[in-house]
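Visitor: Residue strings, one per chain:
Protein chains: 4
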Amino acid sequence: MDFTFPQKILFKHCDPAGIVFYPRYFEIINDCIEAFFDRLGFPFEHLHPQAAVPTAQIETRFTAPSRHGDQLNLALGVTQVGRTSLGLECIAHCGDQQRFVSRSTLVLTNSQGRPQNWPDDMRAAFTPYLRSTP
Amino acid sequence: MDFTFPQKILFKHCDPAGIVFYPRYFEIINDCIEAFFDRLGFPFEHLHPQAAVPTAQIETRFTAPSRHGDQLNLALGVTQVGRTSLGLECIAHCGDQQRFVSRSTLVLTNSQGRPQNWPDDMRAAFTPYLRSTP
Amino acid sequence: MDFTFPQKILFKHCDPAGIVFYPRYFEIINDCIEAFFDRLGFPFEHLHPQAAVPTAQIETRFTAPSRHGDQLNLALGVTQVGRTSLGLECIAHCGDQQRFVSRSTLVLTNSQGRPQNWPDDMRAAFTPYLRSTP
Amino acid sequence: MDFTFPQKILFKHCDPAGIVFYPRYFEIINDCIEAFFDRLGFPFEHLHPQAAVPTAQIETRFTAPSRHGDQLNLALGVTQVGRTSLGLECIAHCGDQQRFVSRSTLVLTNSQGRPQNWPDDMRAAFTPYLRSTP
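Protein chains in written order, with our numbering: chain A, 1 to 134; chain B, 1 to 134; chain C, 1 to 134; chain D, 1 to 134.
The hints are simulated quantities; they were obtained by calculation from the structure and are not laboratory data.
Incorrect hints may have been included.
It does not matter which identical chain is used: a pair holds within one copy or between any two.
[To be verified] Simulated crosslink set (SDA-like; lysine to any residue; CA at most 25 Å straight-line):
#1 Lys12 / Arg24
#2 Lys8 / Gln80
#3 Lys12 / Ile91
#4 Lys8 / Gln71
#5 Lys12 / Phe126
#6 Lys8 / Gln97
#7 Lys12 / Gly113
Being a predicted model, the structure only gives us computed values, none of them experimental.
Required output: the full structure, derived from the provided sequences and hints.
Guide: This is the structure we're talking about:
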């Protein structure tokens with residue numbers, strides 16, 4: 001199962017070339033992940049400040065540019081649930097054209113910023129979103 | 001030879017956990033690359049709108065968090081000069097602690113957004129910054 | 001009549017003090033105005049690049065801080081329709097607590113950035129949102 | 001005496017119309033004020049988290065658009081030192097063309113977000129920057 005997140009490309013996302021300035025994509029990806037945790041019942045604003053889920057690594061291919069007014073659809077899935085980490089894959093389309101593929105690793109940290117194990121309820125909540133594809 | 005770019009971590013970069021919100025790092029990396037092209041004599045504001053250098057792919061590991069007030073130093077080098085593409089590696093330290101390593105591929109595009117060959121003078125300007133290391 | 005725009009305060013909006021970093025409020029206000037023009041049938045992505053609606057002046061009082069997770073509601077109304085300008089007032093609440101009041105003036109410009117008169121259909125579209133209050 | 005802060009307009013500041021997206025100006029103004037406190041010997045990163053200086057009110061006129069590559073110069077002065085508040089005026093020029101004028105009021109708050117009196121050393125540090133002009 002995917003978590004889907006619609007995002008219209010707004011004026012604020014675009015650069016002088018009229019396409020999305022790529023750091024804005026990472027704000028969109030972060031919004032998507034924040035909405036995902038919200039959906040799972042673990043909103044970021046409740047996790048903090050006892051815990052946090054910083055991004056340890058992220059790699060993204062921008063396969064086609066997005067323009068102001070484009071209606072993007074992000075599909076987020078879980079690629080791996082580690083002891084303290086979470087692998088995510090986020091694929092964005094506009095209609096049937098892919099715009100980007102992003103893979104990232106989050107880590108659950110405690111209030112001192114040290115990795116901590118996922119509680120059982122969070123681990124269970126991720127399971128339905130696990131992608132079997134490589 | 002590296003292109004070096006100092007950046008103090010400012011209030012605007014930081015999140016409620018007091019560390020850099022990672023999409024802000026990509027703004028910093030973009031500023032670093034813009035300053036690099038400036039140094040080479042090809043400022044972005046002169047390239048545009050006849051040409052642009054969108055980022056096609058970027059992968060980043062955040063190896064330690066950065067806090068408000070930290071003095072970062074970014075070292076940018078060229079990993080590959082393709083026909084229309086440019087591979088870059090950007091490594092940030094605060095003192096001798098590494099904060100992130102980012103590798104990206106830019107593409108030179110024309111006013112229609114299609115890849116075009118690097119002109120000889122730009123290609124020559126990149127050469128001193130080529131990293132021999134893998 | 002007001003145009004209403006809900007906005008949850010997200011992680012990306014907040015600073016190390018855990019409250020909204022005020023430049024992010026201006027992105028939210030801009031999103032609200034963009035959604036307003038969308039609702040009126042004049043989406044920014046259709047106006048551009050033949051026309052634009054830059055902000056000429058804006059004044060804002062932040063009457064109480066907003067925190068991560070707060071559900072804000074923005075109420076946007078028109079205070080004045082000039083020959084080439086538009087006066088707007090945007091008031092944000094969380095529940096019944098006011099968070100900010102912002103008043104701004106937009107100007108309709110042509111592709112050369114010069115002020116131009118509002119077309120009759122746009123002028124008519126603003127009318128229902130005119131606030132009679134001072 | 002003014003505090004001066006140079007800022008080149010970068011790619012990230014600009015919108016599809018090729019001019020500065022105005023919320024980015026507020027990030028620039030914030031950077032200027034952060035640099036001002038730094039110069040005075042009270043860097044934000046030392047003030048926090050025992051104190052903070054949130055913006056209570058800001059009004060800005062954008063008198064001419066700024067484009068990518070423009071070299072802006074911000075001149076910051078103090079208009080008023082209240083018991084717990086600070087009035088600032090920030091005027092930006094590119095060459096001799098004015099780009100914006102911004103007036104804001106900051107408030108010194110404690111760790112609970114309540115206003116507190118300026119310590120004598122901070123009050124003294126502001127004095128040389130007081131503008132006599134209305």
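Visitor: For every hint, state whether the structure bears it out.
Guide: Structure-based check of each hint:
1. With identical chains, the CA atoms of Lys12 and Arg24 are at most 25 Å apart both within one copy (8 Å) and between copies (10 Å).
2. When the C-alpha separation of Lys8 and Gln80 is checked against a cutoff of 25 Å, the pair qualifies neither within a copy, at 29 Å, nor between copies, at 29 Å.
3. Proximity of Lys12 and Ile91 under a CA criterion of 25 Å is satisfied in both settings, with 21 Å inside one chain copy and 21 Å between copies.
4. For a Cα distance limit of 25 Å, the shortest separation of Lys8 from Gln71 qualifies both inside one copy, at 4 Å, and across copies, at 20 Å.
5. Taking the closest pair of Cα atoms, Lys12 and Phe126 come within 25 Å of each other only across two copies (23 Å); inside a single copy the shortest separation is 32 Å, beyond that limit.
6. For a Cα distance limit of 25 Å, the shortest separation of Lys8 from Gln97 inside one copy, 15 Å, qualifies, whereas the shortest one across copies, 29 Å, does not.
7. Taking the shortest Cα distances, Lys12 and Gly113 sit within 25 Å of each other only across copies (18 Å), while inside one copy they are farther apart (32 Å).
Hint violations for this structure: number 2 only, all remaining hints satisfied.
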